[in-house]
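Novice: Could you slot chain H with the ligands onto chain G? The hints should help.
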Amino acid sequence: MASFWTLQLHPISIPHRVSTNAFELRPQLGFNKSYRIWNAKNKYKDFFLKAAGNSSTSGEDNPIKDEKFLIKSKRNVMLVLQNQVSRLQETIISLPPIILSIKSSPYSKLALGFCIAASVLIVAVRAYVARKPRYQRQGSVADLVRRGQLNSDRRGISKTPMYDDPFNNPLVKISKNNSSVEMCGKVYRLAPVTLTREEQNIHQKRRSRAYQWKRPTIFLKEGDPVPADVDPDTVRWIPANHPFATTISDITEDLAQNNVYQKHGVPFRIQAEHEALQKKLEALQGDQKFNNLVIDPGTARNFERPFKSNIKLDDQQVEHNSANGQTGLRPESQPKSHESSSNSTSEEKPTQ
Amino acid sequence: MTSLQLLTEPSSLSSSNFIPFNPLYKTLTKPTTKHYPKPSPIRSVLQYNRKPELAGDTPRVVVITSGKGGVGKTTTTANVGLSLARLGFSVVAIDADVGLRNLDLLLGLENRVNYTVVEVLNGDCRLDQALVRDKRWSNFELLCISKPRSKLPLGFGGKALVWLVDALKDRQEGCPDFILIDCPAGIDAGFITAITPANEAVLVTTPDITALRDADRVTGLLECDGIRDIKMIVNRVRTDLIRGEDMMSVLDVQEMLGLSLLGVIPEDSEVIRSTNRGFPLVLNKPPTLAGLAFEQAAWRLVEQDSMKAVMVEEEPKKRGFFSFFGG
Ligand SMILES: Nc1ncnc2c1ncn2[C@@H]1O[C@H](COP(=O)(O)OP(=O)(O)O)[C@@H](O)[C@H]1O
Ligand SMILES: [Mg+2]
Numbered sequence: 001m002a003s004f005w006t007l008q009l010h011p012i013s014i015p016h017r018v019s020t021n022a023f024e025l026r027p028q029l030g031f032n033k034s035y036r037i038w039n040a041k042n043k044y045k046d047f048f049l050k051a052a053g054n055s056s057t058s059g060e061d062n063p064i065k066d067e068k069f070l071i072k073s074k075r076n077v078m079l080v081l082q083n084q085v086s087r088l089q090e091t092i093i094s095l096p097p098i099i100l101s102i103k104s105s106p107y108s109k110l111a112l113g114f115c116i117a118a119s120v121l122i123v124a125v126r127a128y129v130a131r132k133p134r135y136q137r138q139g140s141v142a143d144l145v146r147r148g149q150l151n152s153d154r155r156g157i158s159k160t161p162m163y164d165d166p167f168n169n170p171l172v173k174i175s176k177n178n179s180s181v182e183m184c185g186k187v188y189r190l191a192p193v194t195l196t197r198e199e200q201n202i203h204q205k206r207r208s209r210a211y212q213w214k215r216p217t218i219f220l221k222e223g224d225p226v227p228a229d230v231d232p233d234t235v236r237w238i239p240a241n242h243p244f245a246t247t248i249s250d251i252t253e254d255l256a257q258n259n260v261y262q263k264h265g266v267p268f269r270i271q272a273e274h275e276a277l278q279k280k281l282e283a284l285q286g287d288q289k290f291n292n293l294v295i296d297p298g299t300a301r302n303f304e305r306p307f308k309s310n311i312k313l314d315d316q317q318v319e320h321n322s323a324n325g326q327t328g329l330r331p332e333s334q335p336k337s338h339e340s341s342s343n344s345t346s347e348e349k350p351t352q
Numbered sequence: 001m002t003s004l005q006l007l008t009e010p011s012s013l014s015s016s017n018f019i020p021f022n023p024l025y026k027t028l029t030k031p032t033t034k035h036y037p038k039p040s041p042i043r044s045v046l047q048y049n050r051k052p053e054l055a056g057d058t059p060r061v062v063v064i065t066s067g068k069g070g071v072g073k074t075t076t077t078a079n080v081g082l083s084l085a086r087l088g089f090s091v092v093a094i095d096a097d098v099g100l101r102n103l104d105l106l107l108g109l110e111n112r113v114n115y116t117v118v119e120v121l122n123g124d125c126r127l128d129q130a131l132v133r134d135k136r137w138s139n140f141e142l143l144c145i146s147k148p149r150s151k152l153p154l155g156f157g158g159k160a161l162v163w164l165v166d167a168l169k170d171r172q173e174g175c176p177d178f179i180l181i182d183c184p185a186g187i188d189a190g191f192i193t194a195i196t197p198a199n200e201a202v203l204v205t206t207p208d209i210t211a212l213r214d215a216d217r218v219t220g221l222l223e224c225d226g227i228r229d230i231k232m233i234v235n236r237v238r239t240d241l242i243r244g245e246d247m248m249s250v251l252d253v254q255e256m257l258g259l260s261l262l263g264v265i266p267e268d269s270e271v272i273r274s275t276n277r278g279f280p281l282v283l284n285k286p287p288t289l290a291g292l293a294f295e296q297a298a299w300r301l302v303e304q305d306s307m308k309a310v311m312v313e314e315e316p317k318k319r320g321f322f323s324f325f326g327g
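So the sequence lines, in the order shown, correspond to chains G and H.
With full-length UniProt numbering, the residue at position 60 of the first sequence is 60, and numbering never jumps.
With full-length UniProt numbering, the residue at position 186 of the second sequence is 186, and numbering never jumps.
Derived from the structure by calculation, the hints contain no laboratory data.
Ideal Cβ positions, reconstructed from N, Cα and C, are used throughout, including at glycine.
Possibly wrong hints are sitting among the right ones.
PhoX-like mimics (lysine-lysine), calculated; alpha carbons at most 20 Å apart, straight line [what the hints assert, rightly or not]:
1) Lys-205/G x Lys-221/G
2) Lys-186/G x Lys-285/H
3) Lys-263/G x Lys-159/H
4) Lys-173/G x Lys-285/H
5) Lys-135/H x Lys-308/H
6) Lys-173/G x Lys-308/H
7) Lys-159/H x Lys-214/G
8) Lys-186/G x Lys-173/G
9) Lys-169/H x Lys-159/H
10) Lys-285/H x Lys-221/G
11) Lys-263/G x Lys-169/H
12) Lys-308/H x Lys-176/G
Between beta-carbon pairs, the in silico distance windows are [to be verified]:
13) Arg-215/G x Ser-138/H: 28 to 38 Å
14) Lys-205/G x Lys-308/H: 38 to 48 Å
15) Pro-227/G x Asp-229/H: 32 to 42 Å
16) Ala-191/G x Gly-70/H: 21 to 31 Å
17) Leu-241/H x Leu-144/G: 46 to 56 Å
18) Leu-121/G x Glu-53/H: 53 to 63 Å
Negatives, chain G to chain H, calculated, CB over 12 Å [to be verified]:
19) Thr-91
20) Leu-110
21) Ala-228
Looking at chain H on its own, in the form it has when it is part of the complex:
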């Protein structure tokens, strides 16, 4: 990747903006290169051509889970998934939330889901017929596990999902880079099924004690199941409440769970608005605070990186000279 960007002609270099070398950029996004050190980031010089470097083997099967419901798993799946698609990776998002499926709603694809995995298993349709391609980003596809009122046959347990991943692997158009699985809440049969094919997990939690206890439990189960690569996203963070000591800070959360951070998503009213529109936040222009945070999380997911610094507190903006008279 680095070498590719070095090959770019000088003309394109001069036409695009140079970014002054920023040491913090490194601390925020440095890929975890524990095995072999890489040369310093030339890639940060060029903005247009900057792309995150995909780490790990494809397909990266990532399960997005939380234990507690309503903390933002589906929101995370939709936004991280579309961010990855925007970065040029092919993504298949599996809505494994049997019973309470709503990823299709968040993505605005609810009218296009005709077949689900249950129909594929029964032989009512082929797998490619059940995949719903997003029209905005054609490298993003949605796959629902079951219709809201039908029952998922668990006779073969999580094997069905393993077959799905295998089938996606040797598709004609190539193996997808990412398979994101939106896990149902709880630790019931649906959860067990959903985590089966995953080799890494994103744990979504909010900074409150109820969500944290569930998150710890779920992390324990994931580790028992052999998923070792677990990172967390702390959602619905309110820096104003943290400053007033009314809410746990992200670092407190990390101290309790002992997981590395993939992202910190602030509470943002735009999240609900984008849910209503069926238009994920990360496609918003101009970008919103939560949208940017999701995109940064997606970037780190690609590079298998984690946060090195967190935003903790809102500083009052420096006041101008004349605000003295106004106040």
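Just chain G, same shape as in the assembly:
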């Protein structure tokens, strides 16, 4: 039993010793590669045997026997090596080197160069021919798109016309068996939605029990009296300092509704302000208080609001004045206080 183990153990030590020999052989034979392959093969064997040998303890028992076998196997290996090397040398000699064979005929070299040149030329000509029609088709709709005159998304001529359908485009791919979807390069598993109508109704009932709510029918400022015909439960109390809501409005509900529905013409407030100014002017004209008054740009600015229609308004004032034969004259000292006070009230009203 012990001898059996030692027999198997021999090759472990072989590679190391042989390898030194092989190195010695190398300069003589000029033979490198096959040695390496052979060596590598042996290494694997070596590893395998080491693994096997580790499990046994009998390997160290008879070192003398070991030595004897070693010498024997060494001689065998040397023989095999010499055989292989000589065979390889023979094959190398029998094969004519490729580069030498090309070098030997200058004509074939020329032909090779010609082939390369011809293929380059063909590629160039093909590319040119393919490009030519594109230049000829100048002035197509694509140019309009490029100039921003047409919307490419609608024309279907841009690069990504397919993308309008979010369920079916190059970035959304659904697998054959509907179990997964690939979106933007990521694969997701798909799970069916199981919510049924009954479950939805159960949730609805639960909510209607949990959140009993009546829509407020009226918004009142805190402290205001509740009108007689209003259910106190439906009053929403808005504090006076609410950040964005107020119960105060300077126009009536009907008026506001009309304002929303108005489609053409001058908006209501602009019109109203214009009329108020005109009335005031007429009253002033009736009083004949324009005499000896000088134009004052400060007063004129009092009339201005950030709307364009005011420019028109000022023009009309000037027209009125000129009609009275008092060109370049505007009301000043006495009307000023009156106007500025009335103006400020009309300005402040909406912000309260």
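Specialist: Just chain H with the ligands, lined up with the frame of chain G:
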């Protein structure tokens, strides 16, 4: 619609790509045709001409609400609104978030808002002057309720919004297909005002317990107010966290609220980037994950459809043969 698409000439059929018939497409987008069954979807054959079929009466007045703040109402309004406009529907988005208005910022229209509904009510301008038309999609218009620092007169309550919808209905250029109302957070006076004219609601929520409790409450109030058609969008979903059981899944959310799903929007850093640019996500090219999800939600909104399947978990992509050596 189906018949219209059938009329398309064979030449256009051959020029466009055919899509292989996909059964899941049906499960994802099938319109809710409970009253009358429709023939199987020929419309899915043609990609160019495919348009969602508008269900319900116009204008569809949809309020987008959530209860909790910062869950993505404004983002949803902007993206769903522009998706609808891209699909060819005329849309008016009303920023009813008095006090904290920011829809104009998301749309990049902040410099063009001169007048608001408060000015219209007061008679300082007409309604058509207060509507801000988007230059990218001319069938999209924005209407703000009030300037950030002015107060909304609540004397006539939500009636003002009902008048607005009425006025939009008989405009010269025709009734808009969709009126989207971006609702303020909370259940305060602003909320009550904003939901007044709506006949359907989109509830935006995130898959966390605080948002869900508010969402349930808001749903209850909407139902008390007579709005029965309520669908939800679950926003900021992270499939990686759901897989690790760190976040509720969309199906968990649905179990808690009992609402049908209009869409599931993944968490996407592109959302913030598009907010900064004032350029809604759905206009991005190439499309992003969240953008596509918003567009799908818009599609379902048009068809009054809901999701039949949800993406639950990220599967690792099948690894190539050589990745074995790399790893
Ligand atoms: N899917 C998402 N992924 C990443 N960030 C998001 C997503 N949805 C919303 N956000 C971010 O959340 C914030 C709040 O969104 P917003 O729409 O203003 O909420 P709300 O209108 O409900 O208050 C924004 O900064 C937005 O960028
Ligand atoms: Mg908001």
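Novice: If a hint holds in the structure, say so; if it does not, say that too.
Specialist: Now the hints, each set against the structure:
no. : hint                              : result
1   : Lys-205/G x Lys-221/G             : 34 Å, violated
2   : Lys-186/G x Lys-285/H             : 18 Å, holds
3   : Lys-263/G x Lys-159/H             : 19 Å, holds
4   : Lys-173/G x Lys-285/H             : 18 Å, holds
5   : Lys-135/H x Lys-308/H             : 35 Å, violated
6   : Lys-173/G x Lys-308/H             : 17 Å, holds
7   : Lys-159/H x Lys-214/G             : 16 Å, holds
8   : Lys-186/G x Lys-173/G             : 10 Å, holds
9   : Lys-169/H x Lys-159/H             : 15 Å, holds
10  : Lys-285/H x Lys-221/G             : 50 Å, violated
11  : Lys-263/G x Lys-169/H             : 12 Å, holds
12  : Lys-308/H x Lys-176/G             : 17 Å, holds
13  : Arg-215/G x Ser-138/H: 28 to 38 Å : 36 Å, holds
14  : Lys-205/G x Lys-308/H: 38 to 48 Å : 24 Å, violated
15  : Pro-227/G x Asp-229/H: 32 to 42 Å : 34 Å, holds
16  : Ala-191/G x Gly-70/H: 21 to 31 Å  : 28 Å, holds
17  : Leu-241/H x Leu-144/G: 46 to 56 Å : 48 Å, holds
18  : Leu-121/G x Glu-53/H: 53 to 63 Å  : 57 Å, holds
19  : Thr-91                            : 34 Å, holds
20  : Leu-110                           : 42 Å, holds
21  : Ala-228                           : 18 Å, holds
Hint check: violations occur at hints 1, 5, 10, 14; the rest are consistent with the structure.
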